[in-house]
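A.B. asks: For the record, the sequence lines run as chains A and B. Here the numbering used here is used: the first residue of the first sequence is 1, the next is one more, and so on. Here the numbering used here is used: the first residue of the second sequence is 1, the next is one more, and so on.
None of these hints come from the bench; they were simulated from the model. Note that the Cβ used here is the ideal one computed from N, Cα and C, for glycine as well. Be careful, since some hints might not be right.
Unchecked claim - Across the chosen pairs, the derived CB separations fall in these ranges:
#: 1; chain 1: B; residue 1: 119; chain 2: A; residue 2: 84; range: 51 to 57 Å
#: 2; chain 1: A; residue 1: 270; chain 2: B; residue 2: 305; range: 25 to 31 Å
#: 3; chain 1: B; residue 1: 175; chain 2: A; residue 2: 236; range: 44 to 50 Å
#: 4; chain 1: B; residue 1: 90; chain 2: A; residue 2: 91; range: 31 to 37 Å
#: 5; chain 1: A; residue 1: 106; chain 2: B; residue 2: 214; range: 45 to 51 Å
#: 6; chain 1: A; residue 1: 236; chain 2: B; residue 2: 119; range: 38 to 44 Å
#: 7; chain 1: B; residue 1: 67; chain 2: A; residue 2: 163; range: 45 to 51 Å
#: 8; chain 1: B; residue 1: 67; chain 2: A; residue 2: 148; range: 45 to 51 Å
#: 9; chain 1: A; residue 1: 45; chain 2: B; residue 2: 310; range: 40 to 46 Å
#: 10; chain 1: A; residue 1: 74; chain 2: B; residue 2: 214; range: 23 to 29 Å
Letter by letter, the chains look like this.
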Amino acid sequence: MAWTRFQVRLLGLTPAAEGQYVAEFRLQGPAPDASPGQFVQLSLPGVFWPRPFSLLDWEVRDGAAHFRILFAVVGEGTRALRSMSAGDLVEGHGPLGLGYPAIEGPTWMIAGGYGVAPLLFALRASAPGAQQSARIFYGAARADLLWRSPELDRFAATLTTMDGSAGRRGTVLDAVRAELDAGGARPVLYACGPMGLLEAVHHLAVERGLRAMVSIETPMPCGMGVCRGCAVPLAAAEATDEKRYVMACEDGPVMDSARVDWEQERACRI
Amino acid sequence: MPDLAPLSISLGPFRLRTPVLLASGCCGYGPELAGCLPMEEIGGFVTKTVTLRPRPGNPPPRVRETAGGMLNSIGLENVGLERFLSEKLPQIRRLPPFRVVSLGGYQASDYAEQAGRLDGQDGFEALELNLSCPNVAQGGLDLGTDPARVREAVRAVRERTGKFLIAKLTPNTQDVVALGRAAEEGGADAVSAINTLVGTGVDWHTRTAMPSPGSGGLSGPAIRPVALAMVWKLSRALQVPVIGIGGIMDARDVLEFVLAGASAVQVGTALFLDPSGARVRAAALRGEMDILRVGSCESLRGNLEKRSTHAPPREALR
Numbered sequence: 001m002a003w004t005r006f007q008v009r010l011l012g013l014t015p016a017a018e019g020q021y022v023a024e025f026r027l028q029g030p031a032p033d034a035s036p037g038q039f040v041q042l043s044l045p046g047v048f049w050p051r052p053f054s055l056l057d058w059e060v061r062d063g064a065a066h067f068r069i070l071f072a073v074v075g076e077g078t079r080a081l082r083s084m085s086a087g088d089l090v091e092g093h094g095p096l097g098l099g100y101p102a103i104e105g106p107t108w109m110i111a112g113g114y115g116v117a118p119l120l121f122a123l124r125a126s127a128p129g130a131q132q133s134a135r136i137f138y139g140a141a142r143a144d145l146l147w148r149s150p151e152l153d154r155f156a157a158t159l160t161t162m163d164g165s166a167g168r169r170g171t172v173l174d175a176v177r178a179e180l181d182a183g184g185a186r187p188v189l190y191a192c193g194p195m196g197l198l199e200a201v202h203h204l205a206v207e208r209g210l211r212a213m214v215s216i217e218t219p220m221p222c223g224m225g226v227c228r229g230c231a232v233p234l235a236a237a238e239a240t241d242e243k244r245y246v247m248a249c250e251d252g253p254v255m256d257s258a259r260v261d262w263e264q265e266r267a268c269r270i
Numbered sequence: 001m002p003d004l005a006p007l008s009i010s011l012g013p014f015r016l017r018t019p020v021l022l023a024s025g026c027c028g029y030g031p032e033l034a035g036c037l038p039m040e041e042i043g044g045f046v047t048k049t050v051t052l053r054p055r056p057g058n059p060p061p062r063v064r065e066t067a068g069g070m071l072n073s074i075g076l077e078n079v080g081l082e083r084f085l086s087e088k089l090p091q092i093r094r095l096p097p098f099r100v101v102s103l104g105g106y107q108a109s110d111y112a113e114q115a116g117r118l119d120g121q122d123g124f125e126a127l128e129l130n131l132s133c134p135n136v137a138q139g140g141l142d143l144g145t146d147p148a149r150v151r152e153a154v155r156a157v158r159e160r161t162g163k164f165l166i167a168k169l170t171p172n173t174q175d176v177v178a179l180g181r182a183a184e185e186g187g188a189d190a191v192s193a194i195n196t197l198v199g200t201g202v203d204w205h206t207r208t209a210m211p212s213p214g215s216g217g218l219s220g221p222a223i224r225p226v227a228l229a230m231v232w233k234l235s236r237a238l239q240v241p242v243i244g245i246g247g248i249m250d251a252r253d254v255l256e257f258v259l260a261g262a263s264a265v266q267v268g269t270a271l272f273l274d275p276s277g278a279r280v281r282a283a284a285l286r287g288e289m290d291i292l293r294v295g296s297c298e299s300l301r302g303n304l305e306k307r308s309t310h311a312p313p314r315e316a317l318r
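Can you build the whole structure from these sequences, using the hints too?
C.D. replies: Take a look at the structure:
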């Protein structure tokens with residue numbers, strides 16, 4: 001079973017950081033598997049489209065799938081989710097999309113804000129050996145915007161804030177850059193965060209000859225490649241007259257940053 | 001599955017399992033949704049629009065959420081006729097009827113050429129002409145808004161095909177009936193209405209018009225009353241059957257269009273919200289018919305009446 005149409009029960013909402021929450025759901029009925037970087041579409045009250053949420057985890061226990069998402073209240077959909085109560089039912093479908101590849105060798109994870117969710121999932125889901133070869137860098141503007149998950153200590157996360165109120169002062173990419181300069185590491189980069197961060201990760205990867213896997217965020221009406229709404233411009237190397245775009249939902253959301261024409265993407269960004 | 005007999009409805013020479021077809025552009029080429037939406041529980045589907053040559057589609061942002069609907073400007077992204085024939089049609093052939101191939105073009109000859117190439121093929125029952133895709137209009141000329149050009153395009157296709165021929169009409173017109181009559185005169189076996197309405201959204205962060213061309217096609221429940229008015233008008237004015245499209249979200253909406261005279265309906269944008277189509281499948285339709293005491297879809301068709309302006313005598317109300 002690749003994905004399923006489901007009804008989920010909200011088990012609870014927990015404050016995670018300023019304006020950010022962890023929502024936990026239990027899926028009623030048979031559950032497929034999910035992998036890190038995949039997402040679910042949730043139909044929230046009062047908004048027309050379902051909203052895509054990257055999975056923070058997904059596990060089947062007592063015969064039912066349980067999953068959590070980390071979200072920031074940024075618009076009508078997330079405001080509606082914030083106002084829901086434990087016990088409320090939500091319709092949706094998933095898990096959808098292509099996630100992060102399994103960790104093989106040195107992997108550095110770069111999280112901007114609530115983009116930390118799928119990266120923690122990827123770390124948690126990987127074998128102990130792979131976890132040893134991975135590092136996570138997690139940045140936000142201020143300390144109160146960082147989600148202090150207990151897992152950050154477990155994975156020895158490097159924290160950054162723009163104002164220095166927690167961790168290192170500067171951007172998350174400053175920290176990555178400094179660490180790359182300090183040692184001879186040649187990691188694969190996994191990133192999730194605002195599109196501007198992903199673009200910067202791409203440029204860093206090009207500059208250092210590294211591979212970067214980034215998780216694209218864009219409105220997705222259907223989430224499964226049918227509406228063709230979430231187009232991402234393809235880099236010149238891959239684009240043809242017939243094919244100039246890939247869909248963030250079915251060709252991603254996680255894709256090699258080299259596939260994206262970032263200049264065009266920036267011009268189209270909303 | 002519930003007893004389908006009360007749901008079945010005639011469309012020209014065809015008997016559809018239910019009045020519900022999946023609309024063009026909202027179910028891929030058909031097989032994409034077949035895994036989650038059992039095709040036996042609906043009437044059929046219409047493929048995304050195919051053009052002579054492949055089209056990469058429009059740059060993002062292609063979509064915009066609106067109150068009760070959405071704007072899109074996908075730009076007829078499709079694989080083109082060659083790949084449609086070699087890759088998509090063999091998959092469509094394995095799905096149950098009623099299967100409709102949607103054709104797009106810039107001029108009558110584009111539609112005719114494609115219809116000719118498809119005429120000898122089996123695996124589908126009908127063609128739908130997408131006569132109006134505002135997102136790809138060239139030089140502001142939209143073939144579908146001009147009755148003479150509609151007649152010409154339909155006639156050109158009619159000469160090349162024996163397939164059941166549906167003309168999809170634009171609502172971006174003063175007189176949808178004139179477009180319907182033109183299609184009928186050109187030899188259409190049915191008309192479908194409505195395509196999307198032209199609309200513009202505003203992205204306040206960038207102060208840019210949405211979607212990317214500056215406007216797009218509005219769909220969803222916001223347009224349903226417009227669609228109902230046009231379907232009702234068309235069904236009374238034309239001899240050929242009318243297929244109703246526009247913001248259908250659930251079984252009740254389906255029955256409203258049938259009551260307004262539609263021989264079948266198409267469900268589009270609702271599939272983005274729920275790709276399993278649960279609210280318009282046979283069981284949902286049957287349940288709603290029981291609630292509304294509708295014996296059969298066929299018996300409901302075209303019974304929508306205007307309210308009398310004269311009060312009935314009191315005893316008549318009992």
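A.B. asks: A separate judgement is required for each hint: does it hold in the structure or not?
C.D. replies: Here is how each hint holds up against the structure:
| no. | hint | verdict |
| --- | --- | --- |
| 1 | B:119 - A:84: 51 to 57 Å | holds (54 Å) |
| 2 | A:270 - B:305: 25 to 31 Å | violated (46 Å) |
| 3 | B:175 - A:236: 44 to 50 Å | holds (47 Å) |
| 4 | B:90 - A:91: 31 to 37 Å | holds (34 Å) |
| 5 | A:106 - B:214: 45 to 51 Å | holds (46 Å) |
| 6 | A:236 - B:119: 38 to 44 Å | holds (40 Å) |
| 7 | B:67 - A:163: 45 to 51 Å | violated (39 Å) |
| 8 | B:67 - A:148: 45 to 51 Å | violated (38 Å) |
| 9 | A:45 - B:310: 40 to 46 Å | holds (43 Å) |
| 10 | A:74 - B:214: 23 to 29 Å | holds (25 Å) |
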